[in-house]
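Colleague: Read off the chains here:
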Amino acid sequence: MGIAILWVIGILSTGLANAEGEFPRAYDDHPDLSGIWQAIGTAHWNIQDHQASAGPPELGALGATPPGRGVVEGDAIPYQPWALDQKQKNFENRLTEDPETKCYLPGVPRATYLPYPFQILQGTRKIMIVYGFAEANRTIHMDKENPEPAPIDSWMGRSHGHWEGDTLVVDVAGFNGQAWFDRAGNFASDTLRVIERYTPIGPNALNYEATIEDPNVFTGSWKMTMPLYRRLEADAQVLEFKCVEFSEELLYGHLRKSPTP
Amino acid sequence: MKYKLINPLVLVAAALLVTIPTIVSGAESGAQTHHVHLAASNASEAVKWYLRHLPCKPIAEQPDAIDCGGFEIEFVVRATLGGSPGTGVDHIGFSFADLDTKMAELEAVGVRGSGVRLQRFEDGSTLREVPGLFKHGFVFDPWGTRIELVEDPEILGFHHIHLHSADPDAALKWYSEVFGGKPAKLKGQQDGLLLGRVWLLVSRHPQGRPAPTDERSIDHVGFVVADLEAASVLMTARGVELQGPTVPENGRSSAKRAFLSGPDGVKIAVVETGWAGIVTAKLPTEDSSASNEPFTTPRTPWGEPDLQGIWTGNAAHGIPLERTAEASETTALTPEEAAARRERGTLGSIWGYEREWRDTTLDYAKLAPSRQVAMIIDPADGRLPALTEKGEARAAAARDARAYRRLAAGPEDLSTYVRCITRGLPGLMMPGIYNNGLQIIQSPGYVAVQKEMIHETRIIPTAASPHLGSNLKQWLGNSRGRWEGDTLVVEVSGFNGRASYQGSDENLKLTERYRLVGPHTLEYRFTIDDPTIWTSPWTGMFQFEKDDAQYELVEYACHEGNYGMTNILSGARAKEKLMKGPAG
Chain A
26 MGIAILWVIG ILSTGLANAE GEFPRAYDDH PDLSGIWQAI GTAHWNIQDH QASAGPPELG
86 ALGATPPGRG VVEGDAIPYQ PWALDQKQKN FENRLTEDPE TKCYLPGVPR ATYLPYPFQI
146 LQGTRKIMIV YGFAEANRTI HMDKENPEPA PIDSWMGRSH GHWEGDTLVV DVAGFNGQAW
206 FDRAGNFASD TLRVIERYTP IGPNALNYEA TIEDPNVFTG SWKMTMPLYR RLEADAQVLE
266 FKCVEFSEEL LYGHLRKSPT P
Chain B
3 MKYKLINPLV LVAAALLVTI PTIVSGAESG AQTHHVHLAA SNASEAVKWY LRHLPCKPIA
63 EQPDAIDCGG FEIEFVVRAT LGGSPGTGVD HIGFSFADLD TKMAELEAVG VRGSGVRLQR
123 FEDGSTLREV PGLFKHGFVF DPWGTRIELV EDPEILGFHH IHLHSADPDA ALKWYSEVFG
183 GKPAKLKGQQ DGLLLGRVWL LVSRHPQGRP APTDERSIDH VGFVVADLEA ASVLMTARGV
243 ELQGPTVPEN GRSSAKRAFL SGPDGVKIAV VETGWAGIVT AKLPTEDSSA SNEPFTTPRT
303 PWGEPDLQGI WTGNAAHGIP LERTAEASET TALTPEEAAA RRERGTLGSI WGYEREWRDT
363 TLDYAKLAPS RQVAMIIDPA DGRLPALTEK GEARAAAARD ARAYRRLAAG PEDLSTYVRC
423 ITRGLPGLMM PGIYNNGLQI IQSPGYVAVQ KEMIHETRII PTAASPHLGS NLKQWLGNSR
483 GRWEGDTLVV EVSGFNGRAS YQGSDENLKL TERYRLVGPH TLEYRFTIDD PTIWTSPWTG
543 MFQFEKDDAQ YELVEYACHE GNYGMTNILS GARAKEKLMK GPAG
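Chains as they are written, first to last, in the working numbering: chain A, 26 to 286; chain B, 3 to 586.
A few of these clues could be false.
[As the list claims (entries may be wrong)] Computed beta-carbon distance windows for the label pairs:
#1 B/565 with A/216: 52 to 62 Å
#2 B/397 with A/170: 49 to 59 Å
#3 B/323 with A/245: 55 to 65 Å
#4 A/140 with B/509: 26 to 36 Å
[Claimed, not checked] One-sided and incomplete, this derived list gives chain A residues near chain B with beta-carbon spacing under 7 Å:
#5 147
#6 151
#7 267
Note that these hints are calculated values from the structure, not bench results.
Every residue gets a Cβ at the ideal spot worked out from N, C-alpha and C, and that includes glycine.
Could you put the whole structure together from the sequences, leaning on the hints where they help?
Modeller: Written out as structure tokens, the structure reads:
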């Protein structure tokens, strides 16, 4: 995989100057990742290979899971035995337990491939990513020499970034361990560490790679890869998706004065 | 531009100096009196509170001291890390002849403002009879000091200091040896030491060792001696290590004092007769925002004004929206008034909440509070313009809703803030008691304005682009920005009208202006133009202060941790059941 990516970068640096356009560069000559991006695919349903399956019958075909190729390298996640059981439980209880259905912050890397656009703002000392879902956002500290421990565990973790050539490498840790990876119940714990790599592969696309480490859940590290596409609509805008009110019935319906039947 | 980021003089706390007039006999060190230092956050508020609720009277020439039936309580401004429970000095006690009446009076005060927090027993009562001792109950002062109220006709007024110890016997022995006094049993039951007419009671700490008193609301216990030099020689001979004696720099008299560490982390002061405390440090008189020195707004490498960084609204917390009639001629508060106002604002929340939650770790108290009289700068009288007919109707409905608050039937009956949906605009920009962080990050053509509370981020494009269509309304509307010189002007419209600010509705047109007025000061102006509610537009202003060095926005995962919602709704259901009675 590493070789393949190096090859892609090789194409970039030599080929793109003659192509339709180059990936934009920031004032400091690093790639300028600023813009509105979105993953296209079905990883938000399941990061592994999955065939089409039924959803809640009352939603008809709207609720069904579409088939999709996985984004996990080798399609295998090296779960420890207990964790595989937990993943299965998560799957069975997904309609009420998935943090996404509760409109909870999605965590990393899930925020990246939820079916909503997100915007990157590349500032001078920090990079901010604002996601469409649940007001999720991250500050990537580019100005810290050594990754500092997170002051407090959080859903989105604490992100430290640096450049390796044209690749933005982000080291994310300090998670609270409550986020999932997808609607299939894949998960990690609060010892999760994610190394993300954002690499331009064309004027309007990035290769996104996330290496997942969690010694309490997995027997080894594993990796997922997918392209991110620039939203090219002239009026592209990350709109508000304040989903809290859509989760209130699920979370508090039983506490209503007239409980929902 | 003169600017003081750190203002150590605004660290606020209070010290309670209790002076026992009776000479304690038999003490080798000659200790005659003692005092307890309590920490509060504002001396004048603390003086008022104790004068109002406890049998104490003011002391001439000492505006920060009171006399509680022969015990002198002196308040000193300093920082605190929390209340007294859990430390080696758990609480102090006052005795009343008629405790039922006193407690009824305190219960009527309520917890709001500089109120009284009650500690209820398991059955919900505030008082109970301890067989063989007396009737008693507990309250807290607004600064976290636990106060026991007892009905002991033998000693009225100030009654006791209650220590917690990992080894009560050893502690009693130590106090007795160092300061004199006879170990005894109060009413034949409670272990203690009678010093003059005051009891020093000692109980076993419920779990291990108590926390040190240093920087807690009861900071230390003090003893007064006639000759500190002589006493210190005696104490040193007993193996007690003293810091001092010294005559403190800001002392009101030339009386000396010394500190030592007592058992169980109790900080102890020994002071000489004539001790009149420390003169409270003066608040700064310099206005951080006023300066004639030129200031140039920095630029981003791509040439736009650079507003990036971490800012906080902590200094602005407490500024009211409207100018009061009494303040119609005031140009700025004095620093003392500003400090007192912020303190009241902080205490305006539920008692105790602010003490546990206030950003002490993030130097909340170190930023000098704003001296601005009110936020509204236009109209010039600092008052909201007249309401339209519809505005009047909405205001009346809101007043009724507040007056006749009903049990929440579901989440929709609660505010969008309680529901963790949004604080609305410009509501989310407003300073509060905690999590006041504001982070600005820019990329060419965009400014992201992120508020820590309740993790809301606005992305503002600064290149010309059309507003969203009229069928696409949002909670925070749609922001379109532009640079006018060094000022970021943001026009916001397209509100869904469900997160109202002061009664605004979906027709609100909000115009915000952000500009640096100094390297560390970001001025924020907001103009509210909602012709359906107000007869004319109006503008408010306050400032954010830069705090890049140590502040970091934390993830305010509001909805994810909204146990309050579950509790409010399940509480409402429980209350309905109670009101129906057992049959229902």
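Colleague: Which of the listed hints are not met by the structure?
Modeller: 1
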